[in-house]
Each structure stands twice: as C-alpha cells, then as structure tokens.
Amino acid sequence: MLLNILHTVLHVTVALTLPPLLLGVIGKVKALFAGRVGPRLLQPYYDLFKLARKGSVISQTTTWVFHLGPVMGLVTPLLALLFVPLVDSHAPVSFNGDLILMVYLLGLGRFCTASAALDTGSSFEGMGAARELTFACLAEPALFLGLLVLVKLTGSMELATMLGSSLAGHWPTAGASLVLVLLSWFIVLLLENSRIPFDDPNTHLELTMIHEVMVLDHSGPAFGMILYGASIKLFLFAALLVRLVMPVSTGSLALDWAVLVGGVLIVAVAIGVVESTVARLRMTHVPLLIVAACLLSGFGLVLLLR
Amino acid sequence: MSTRIILVGLLLSAISGLPGLFMSRHSHLGPRVAACLGGVGCLLGLAGLAHFWFMGPTAPVSVTWSLPGDGLSAGIDGLSAIFLAPVLFLSLLAHVYGLGYWPPSDHPATGVKLRVFLGLLTCGMALLVLARDAILFIFGWEIMALAAFFLVTTEDHKAEAREAGWVYFVATHTSTLILFGMFALLHRVSGSYALAPLAPGALPPGAALAIFVTALGAFGLKAGLMPLHVWLPGAHAAAPSHVSALMSGVLIKMGIYGLVRITSLLPDPPLAWGGATLLLGVVSAVLGVAFAIGQHDLKRLLAYHSIENIGIIVMGLGLALMGRSLGRADLVMLGMAGCLLHVWNHALFKGLLFLSAGAVVHATGTREMDRLGALARRMPHTALAFLVGAIAICGLPPLNGFVSELCIYIGLLRTLSGVGTLAVVGAVFAAPALALVGALAAACFAKAYGTVFLGQARSPIAQVAHEAPWTMTAPMAVLGASCVLIGLVPLLVAPALEAGVVAWAPALMQSAPPLRTWVPLPALSVVGLALLALLGAGSLVLRSRQRQTGVAAGAVWGCGYVAPSASMQYTSASFAQMLVAMFAWALRPRRHGAVAPVLFPARVPVRGHVPEVVLDLFILPPVRLVARVFTALRVLQQGQVNAYLLYVFLALVVLLMWR
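Going line by line, the protein sequences match chains A and B. Positions 1 to 306 (our numbering) are the ones given, in order, by the first sequence. Positions 1 to 659 (our numbering) are the ones given, in order, by the second sequence.
Treat the hints with care, as some may be off.
[Stated by the list, open to error] Restraint ranges, calculated between C-beta atoms of paired labels, are given here:
(1) B/553 <-> A/42: 31 to 41 Å
(2) A/41 <-> B/548: 25 to 35 Å
(3) B/506 <-> A/284: 53 to 63 Å
(4) A/208 <-> B/617: 30 to 40 Å
(5) B/605 <-> A/208: 50 to 60 Å
FYI, nobody ran anything at the bench for these hints, they're computed from the structure. Since we're looking at a predicted model, the values are computed, not measured. Virtual Cβ for every residue (Gly too), placed ideally from N, Cα, C.
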C-alpha cells in the first residue's frame, strides 16, 4: 500500500517535471551536430516560466473554444500518462481496456487543438489542423496494431501488464515482432510530436508546418500550456518505447527509475540524431511513411498469428 | 400491464396530428394540440417502459382476427425495450422541437401534413418493435415506411425533396418485398407467423442461410448498410431537421432491430455469418465516414455519418454472432451490449446533431457549410450542443460514444486470445479499422464544427443568424445532458443492456456474469470525472494567469498580412482535400472547371463535389435500361378503365386455365 503510494507520487512527479528536459536534450543534440553550443539543457523550463509571465494577444475572431485547445492539449496527455507503467508493472491508474482510453484521450486532445486552430479563421491554421487530423487517421491504426501485438503476447488489456515486466519474457520468442513494433512506434512518435521528417518545429515558413502552425495565434500562458503539453506527449511516447525495449524490473526502485529516465533521454538523443541527419519529407510523401509504420506493426502481428 | 400502457400511448401519438386537420392552417392551436397529444403519448409509453424495467415482463396482448395468420400479438421483452426507448424519447423531443422549427406562420402549407405523419411514424416504429408476430411486424413496418415517405416529401414543392422521397420509396418497398420473402420462408419452416425462437436442428442449413441473407438484404436496406445506403443521404438531407433526427436516430435502427430479432430466432449460427456481418460493418463504417468527409452539405454529412455508425453497430452484432457460434459468453455480451448501447448513443448524439443542424438551417436558411461560419458567436447554445454531439459521435471520452465503442473494442481484442482463423483475422482487421474510423470521424467533425461555427462568417446570411427559440434549444439540452450522463455514469444503463443481451441469446447468456466484469464501467466514471476536474482546474489556472499578465485583443496572425478577410479562410473542401484524395478510389470526386495554365488566368469558377457513387454508377444505369425496355409496354397503358377491366378478366381466365 505504502509502496503503491510512493510509486504514484514518483510517477506523477516525474511526469510533471521531466518532460521539458527531453526538448532540451533534443535541442542540445541538434546544436552539437550543427557545430553550435546551443541553448542550455534547461532552456525549455526557462521558456515555460517566461511564457507564464507574459501577456497574451487574443484574436478578435475567437471564442471560448480557442482556450479549450491549450487546456485539453495539456490535460489529456497528462491523464493518458497515468495509464503507462513507468517502472515495474505499476501504473497509478490501471484497468481492463485502458490502452484504448489512452489512444482516445490523445485523440480528444488533438480534436480540441484542431478546433481551437479553426476558431481563429486563419487559413494557415486551418491548413495545419487539416494536416494534423489527416495524418492522425493513419497514425492511430499504426499505434493500435502495435498495441494489438502486445495484447496478443501478454494476453492482457491493461497497459501496466502489457508493458510491464512480464513482457521481458517474450523478447526471446517474439523479438522480431517487437522490433517491428518498435520501429513502427518510433515513426508514430516522430509524427505525433511533429518532428522531422514529418514536421519541423523550428521552421520559419508557416506554409510547411503541421503542428506548430495550429498554435500560431496562441501566446503567453496559453502557449506555455501548449508547449508543456507537447513535451508531456513526447515523454509519453518515449516512455512507451522504453518500456517496450526494456520492460525489466531490477528489484531496486532507484535502479528501475534510473533505467526509465536514462531510456527516455536516449530516445530524446535518437530523435535529435534523426532530426539532424534526415531531410524533411515532402508533404505528399508523408502518408507513405505512416502507412509503412502501419504495415510494420501489421507484419509484427501477422508473425504472431501465423 | 406495461404493454397496454404503451399501446394507449401509441394510440394517442397516432391521432396527435388529426385535430389539426380541422383547424386553420395558420392556427397556432393545431401544433400545440399535436405536441401535447404526441408528447403525452410518448410519456405514457416511457412510463410503460419503466414499468417493464422495474416490474418485469408481462404477458403479451393478443387479438384474433379472421384474416390469414394467427391473429396479432404485441409484447415487450429486453430487446424490444432497448429499441422502444429511443423511439419514444426522441419522438417526444421532436414534438417539442417542431413547435419552434416548423411554426404555422412560416410553413402554413406543410405543417398540418407534417404533424399527422410525425405521430404515425412514432406509432408505426413502436408497433413493429412490440410485434410478436410477422403480420403485426409488417403492419408497423409499412406504417413507418409510408409515414416516413410523406415526411421526407414534406416540402414536395421542391424537386430535391420529391427526388429523395422517390428514391426512398423505391428502396423501402424493395426492402418490404424481400421481407415478405423472408417471413414466407420463416413461416414455411416453422409453420407459424409467431416471432418465436426456432428449435435447434429444426431448420435445414439451406433455409437458415436463405433467411439470414434475406434478412441482411431487407434490414440492411432499411438500416442504410453500405452499399445498400443509396436512399439515406438524400432523404435525411431533404426532410425537416427533426424528422431527419428521428429517421437517423431511430428509423434506420428498425433495420438493426429486425436483424437483431431475426438472428435471435435462428439457432446455432455458423461462424461465417458473424464474420460476414463483421466485415459488412467494417466496410460500412470506413466508407460511410469517408463519404461524409467529402460532403459540403451539413445534413448530408450527418447522414453519411449515420451509415458509419450503423457500420459500428453491425460490427457489434457480427462480434456477438461469432461469440454465439463459438459459445463464448464474453464475446456475445461485449458485442451485443456494444451494439445495443451504440443504438442508444447514436440516437442521442445524432438526434442532437440533427437538431442543432436544424437550428442552423432555421437561422440561416442554408445547409451549405461554406456559406456559414462564426455561428458560435451568434448562436452559443446551438454551438455548444453541436460540439457535445461532435465529441460524442467521434467516440471520444468522456462522452457516451466512447463507452459503446469501448465494449466493441474490448470484444474484438478478446478474439485475439481465442481460436479460429476467422475470428483472429476479423479482430486483427476490425480493431484497427475501428481506430481508423474514429480518427476519420474526428477529422470530419473538426471540419464541420470549424467551418460552420468557428472562424469568420463566410457570407452575409451567417452574419445575421439568430439563436433558436427555447422550444428548439431545450430538446438539444436534454439530448446533450443524456450524452454526458451515459458517458460519465455508464453503469446506469448496464441493467437494461444486460436484459437485452439475455433476450437475444437466452440459452447462453442466462447465467453469464454482468457487463462490468469485462468492461471497466466504474473506472470510466472515475476517469471521466477526473478529466472534467482537470479541465476545470486547467481553465481556471489559464484564466487567472491571463488576467494577471494582461490580455490584448488583436487581429489574427496572417503571417505578416494585415487585412485577412473571411474568404481567405480554409474552406470545408480544402480541409477535406487530402483525405478525399486518399479515398478517391471509392469517392470518385468530381471537379468542374479548371484553372487555365497561363500566367495571368481570368476568373474561372471551380466547383467540386463527391457524388453518391453507388446510386450514380451502379443503380441508376441499369434502372434506366429497364425503364427504356419497359417503355414498349406503354402500348398497353391506354388510360381507359374498360381496357383495364379487360386485362383483369383475361388474367383471371388465364389463371383459371392454368389451374
């Protein structure tokens, strides 16, 4: 009981504090590749604090829906993260079918962000919303097929068990499937978190953006919420990958947490490497790569069913 | 007792429009009397339903008569109750809504007719759900079909309504024809018209298959299952909005009721039936939402979403059928409960969406999404109602659509652990398809909500829109609250669903554990409330921060462009363009006019639309051919009564000779 409470407190603390660091790590890696010093590792935290103290400019065309986007964009990944086991087989909230709730909570966040974008009536933001929702239509089945592989392997519909320590026993026998899922989910991570080769968070051209263009009109604390929510979503996907690869339980709480935090940081480094070495895809080619992600997970599932 | 109360209510509903016939077309009394009678009738029906749920079933009411058949018999069981509840609930709200939406001052010519057939439609649907024998079933079916025809053609001075009504008329009578065949088969093998379960082994496999296929055809046509949906978009778009809500919310569910009822009568369904049904559901769901994305007309868009949701409902049914073939209570419970709950949910959120679309039409006079915009400012209540409906129909938590989809999801995932290639492939194929459908629906509703309610007004009519009167907003509020209630406290509806599932497969489900052993219904409440609490807290934090740091009003960021206009906004067509291109193999989008490939092109109008592919490509050409061939028979059509009498006489003589 006491251990459970400790787990939950640690889980929530890490979920609230660690995510912006991932953005800092990605930025640092990209700077190193470009031969620059780059911003400090903790820069995203400073940015968030700065935005929280900034004033806002709000477009006259908007309604309350415009404010729903940032709040939902923060709340939904935070809630979804509560179902993911960060260490051992323990998640603060866990029940039969929580994997579906996790996927759909992210969907709710996306729907509200897109609606907030459309609320401004800007053609750029409409463009971004259309792209985000279109690509999500392909990303969601890819994520889902990967989850199906885990359901098939572990026989459970709780993320805490699916990504829990029992998964480790399946690596020797079903490694091929799990590797395929890993690749597929990494592609989904890049897409869902608007990373190169899908989207460039640092581009200066609104016409070519996906996610960033949806939040053009947000400013001040609302924009801070969006950035914070985006980093939590990134952390969630990174945690999924880490638990997929290293569903280990060492027996020591500190070591388990170290494995998770280290793993998540490695994912951030990997993202930074990809962003530095891969060119951005043409918008018309984006669906092809996501379909490839679906097929990877699909093959993973077929391997288990043969 | 409960059946009798309901029947009295139905009688009241059936006659609700009649007093209006004896009053002036411009009188406000007629509509009020009709709404009162119809409303009281529906309330009585709901009271009877409550009696059934709390007091248990009672003996059916039977009358004997001299015509062929064994007499008429009406009764209520778990399945009937599930389908009866939305009929009565939505009819009640439609009666109230009609007061504001179709007042005699605006529609003196059509109002009387509309009200007469609205009451009859409720009565027909309820009778068919209560029917315990095929004869009464057909009676209810035909009352419903004809009343709906007259409702679709309410505005018969418009060519669009006449055409939609005509297509509907042909479709519904094709379905009735197949239904006659099905009941004849059933009568032949069982020896009676009673809708009673057949004993295992009483049915030769060929006959069972024939009954199943005819049932799929007849009821699929009514339910609008792809590719039998051809009548549905036009009819839903042309009818007055509260009629569209009733048609989409409950009329097409009568097809589902027929399928559910007939499959409950047939013993030992083979596994392939469930697999085929599941597949049909997947096709209908995916293509339904794909067609919806290409629409420009708000009500046509909603109509295609009905096809999608019917697909999801049929997926649940297919899963339950597979569960019955495999003898797995969990699949039956999850599939059937998901199917039945989605029937309720779809009635609620689609009713809500059609009623809010009606408020938009009422305020602006157009259904063309690209002429609207910014209505959230002028019609805040309608905008909120539409948003609730949109989130619910996308199956997003914490609203009701998520609960039913979750049941079906969990059922599909559970087939993974089972045996049988078909079951596994069905699940592997169907579960990601359901995820795809959910994401597509979210894209479609973001487009619809964004284009109609957000941004800037795209035309002058959208600038002068007005909020609907309370008679229209109150029914929307009730429906929205129901969506939230089922989403937050799904345990409330579990007993009714379990009763329905037991009635569908009594032998297997009599001693099955309750729904919440497989679906975490209490956890959904907790997460839903947590989400709302976090949302509230987040909004408060955001608001207080913004207040402390200061807020300035400004123009939309146009990337440096300082004079953005409403026509620069993303339109619904441009929003959907990528997805329509992705599904171009099915949607066959058409484009009229093109931009000239010169440096300074002149003004060229470009229009694009997604046609009703099945109707235009596969049904109309052969029908035209048949019509051309049959023109030759016009020679016989003299228009003279004595010639027709001669034909009748000759036919009789030939028949007598043949004997």
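Going down the list of hints, with the structure as the test:
1. B/553 <-> A/42: 31 to 41 Å: holds (34 Å)
2. A/41 <-> B/548: 25 to 35 Å: holds (29 Å)
3. B/506 <-> A/284: 53 to 63 Å: Cβ of residue 506 of chain B to Cβ of residue 284 of chain A: about 55 Å, so the range 53 to 63 Å holds.
4. A/208 <-> B/617: 30 to 40 Å: Distance hint for residue 208 of chain A, residue 617 of chain B holds at roughly 37 Å.
5. B/605 <-> A/208: 50 to 60 Å: violated (29 Å)
Going down the numbered hints, you'll see the structure goes against just number 5.
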